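Enquirer: What follows is the residue order along each chain.
There are 2 protein chains.
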Amino acid sequence: MSLGKLIGVALGPGDPELITLKGLKALQNADLIFYPASSIKEWKVISFSYDILKQLNVETESLPLVIPMTGKNREMHYQKAFDEIHEELKKGKNVAVVSEGDALFYSTFGYILKMAQEANVDCKVIPGIPAFIATGAEGEKPVTEGNQALKVIARPNGFEEIEEALKENQTLVVMKMSVLDNWSDFLEKQNRSFFYIERVGTPQQYSTSDVQDLKLRTIPYFSLIIIYA
Amino acid sequence: MSLGKLIGVALGPGDPELITLKGLKALQNADLIFYPASSIKEWKVISFSYDILKQLNVETESLPLVIPMTGKNREMHYQKAFDEIHEELKKGKNVAVVSEGDALFYSTFGYILKMAQEANVDCKVIPGIPAFIATGAEGEKPVTEGNQALKVIARPNGFEEIEEALKENQTLVVMKMSVLDNWSDFLEKQNRSFFYIERVGTPQQYSTSDVQDLKLRTIPYFSLIIIYA
Numbered sequence: 001m002s003l004g005k006l007i008g009v010a011l012g013p014g015d016p017e018l019i020t021l022k023g024l025k026a027l028q029n030a031d032l033i034f035y036p037a038s039s040i041k042e043w044k045v046i047s048f049s050y051d052i053l054k055q056l057n058v059e060t061e062s063l064p065l066v067i068p069m070t071g072k073n074r075e076m077h078y079q080k081a082f083d084e085i086h087e088e089l090k091k092g093k094n095v096a097v098v099s100e101g102d103a104l105f106y107s108t109f110g111y112i113l114k115m116a117q118e119a120n121v122d123c124k125v126i127p128g129i130p131a132f133i134a135t136g137a138e139g140e141k142p143v144t145e146g147n148q149a150l151k152v153i154a155r156p157n158g159f160e161e162i163e164e165a166l167k168e169n170q171t172l173v174v175m176k177m178s179v180l181d182n183w184s185d186f187l188e189k190q191n192r193s194f195f196y197i198e199r200v201g202t203p204q205q206y207s208t209s210d211v212q213d214l215k216l217r218t219i220p221y222f223s224l225i226i227i228y229a
Numbered sequence: 001m002s003l004g005k006l007i008g009v010a011l012g013p014g015d016p017e018l019i020t021l022k023g024l025k026a027l028q029n030a031d032l033i034f035y036p037a038s039s040i041k042e043w044k045v046i047s048f049s050y051d052i053l054k055q056l057n058v059e060t061e062s063l064p065l066v067i068p069m070t071g072k073n074r075e076m077h078y079q080k081a082f083d084e085i086h087e088e089l090k091k092g093k094n095v096a097v098v099s100e101g102d103a104l105f106y107s108t109f110g111y112i113l114k115m116a117q118e119a120n121v122d123c124k125v126i127p128g129i130p131a132f133i134a135t136g137a138e139g140e141k142p143v144t145e146g147n148q149a150l151k152v153i154a155r156p157n158g159f160e161e162i163e164e165a166l167k168e169n170q171t172l173v174v175m176k177m178s179v180l181d182n183w184s185d186f187l188e189k190q191n192r193s194f195f196y197i198e199r200v201g202t203p204q205q206y207s208t209s210d211v212q213d214l215k216l217r218t219i220p221y222f223s224l225i226i227i228y229a
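Residue numbers (full-length UniProt numbering), protein chains in the order written: chain A, 1 to 229; chain B, 1 to 229.
Looking at chain A on its own, in the form it has when it is part of the complex (with noise of 0.2 Å):
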């Protein structure tokens, strides 16, 4: 039997309706869709991707992949995650595997994908719409225009960094930024507009560009901030 194919179908951000037209087909096609799941505890699948996908209503059989966020033993988890596609692509079925956002920005994918060009799977890539892009659309203010740079970081190793980067002046976005405090205390010194969010595109969805707003919270995974330039 020929092996199946690959393709990587991204959701978008999380609001269902920001998925674009041939990533639906994709999935309604497909013989076999695998989500990223954090974890299942008892019985329940914790998986933002999972949630994206249930309310598109597609009728292909759908399957976690549990892929844990914490960086320890990732390329294991990895690994794990390709073996169980790569055994549904050997009984010839087309597989495909969704992420939230795009599938090769910041992506769980990226890894699964790389795994199947060396294992000469047949692989194609449908794009979505970053966390950040939607978060320009929610704030009505553009992310960046002219000839003005933009700068992305993503799980930030301390503020020195995002000082460094604002030394420049170019907006920066910020992802995974709950790896740091105290957001309200760094953004009190800077002389910057910003747009905070979290769960973006979702009924949760929480955003604000007041600092004083900002102490309150308790920053979730599922959280970016842009500082415009």
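Hints listed in this document are in silico derivations from the structure and should not be mistaken for laboratory results. Check each hint, because a few of them may be wrong.
Since the list can't tell identical chains apart, any single copy or any two copies may satisfy a pair.
Stated by the list, open to error - Subject to a maximum C-alpha distance of 20 Å in a straight line, what follows is the list of computed PhoX-like cross-link-like pairs (lysine-lysine):
1. 124 x 141
2. 176 x 5
3. 141 x 5
4. 41 x 72
5. 54 x 22
6. 215 x 44
7. 25 x 93
8. 44 x 189
All figures in this text were calculated on a predicted structure; none of them were measured in a lab.
Using the hints provided, position chain B relative to the given structure of chain A.
Expert: Just chain B, lined up with the frame of chain A:
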């Protein structure tokens, strides 16, 4: 009569199927669609947005907004474009303005939005996939992953600016790269892999990661390059 609503709808990078479900619905439900056109010559409208739009078979009436791509008199052209839109909003029409790529990422719509907000128009923005994200999918390689940073620059003043950005260990995206000549000479000196693309998502798409191929190309306006970290 009460003022109509303005909705910015991102069309995505070129492939008409890369519009979102939400964007398509908004176009179907609008009373009128405006699309930016760089010129109208002998009854021929030059508009990349319209090239995408017409493939979507939306029945809503559509009209061009002429905004030349030259830097000259930019403000005047935006103001004229907004005045045309405002006239229709005053008739109570709900007006969609489309953008190729995203609506607030190096887009004309950002300027229109600011004018509309100042005129107290009710606005909404539906995001879309920027060209560099679609380029990542075409190249089948992660744009960025882990805690790697990304920088995007547009209309660079010279190769010095690009060289400076490459000193940091980050992925670099250069938009409107056609403002500079001799890309192949520059890239030959760098020890970085890259992915160059023209007219992403259209039948005229061309891409390469080989500097020898680039030597022979005349770089068009709709092109960009990702230089990997």
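Enquirer: Could you run down the list of hints and mark each one as holding or not?
Expert: Now the hints, each set against the structure:
1. 124 x 141: between (33 Å within a copy, 11 Å between copies)
2. 176 x 5: neither (32 Å within a copy, 34 Å between copies)
3. 141 x 5: between (40 Å within a copy, 17 Å between copies)
4. 41 x 72: Within one copy, since 19 Å is at most 20 Å while 60 Å is not.
5. 54 x 22: both (17 Å within a copy, 17 Å between copies)
6. 215 x 44: For residue 215 and residue 44, neither the intra-copy (32 Å) nor the inter-copy (55 Å) Cα distance is at most 20 Å.
7. 25 x 93: within (16 Å within a copy, 32 Å between copies)
8. 44 x 189: neither (42 Å within a copy, 53 Å between copies)
In this structure, the hints that do not hold are numbers 2, 6, 8, in rising order.
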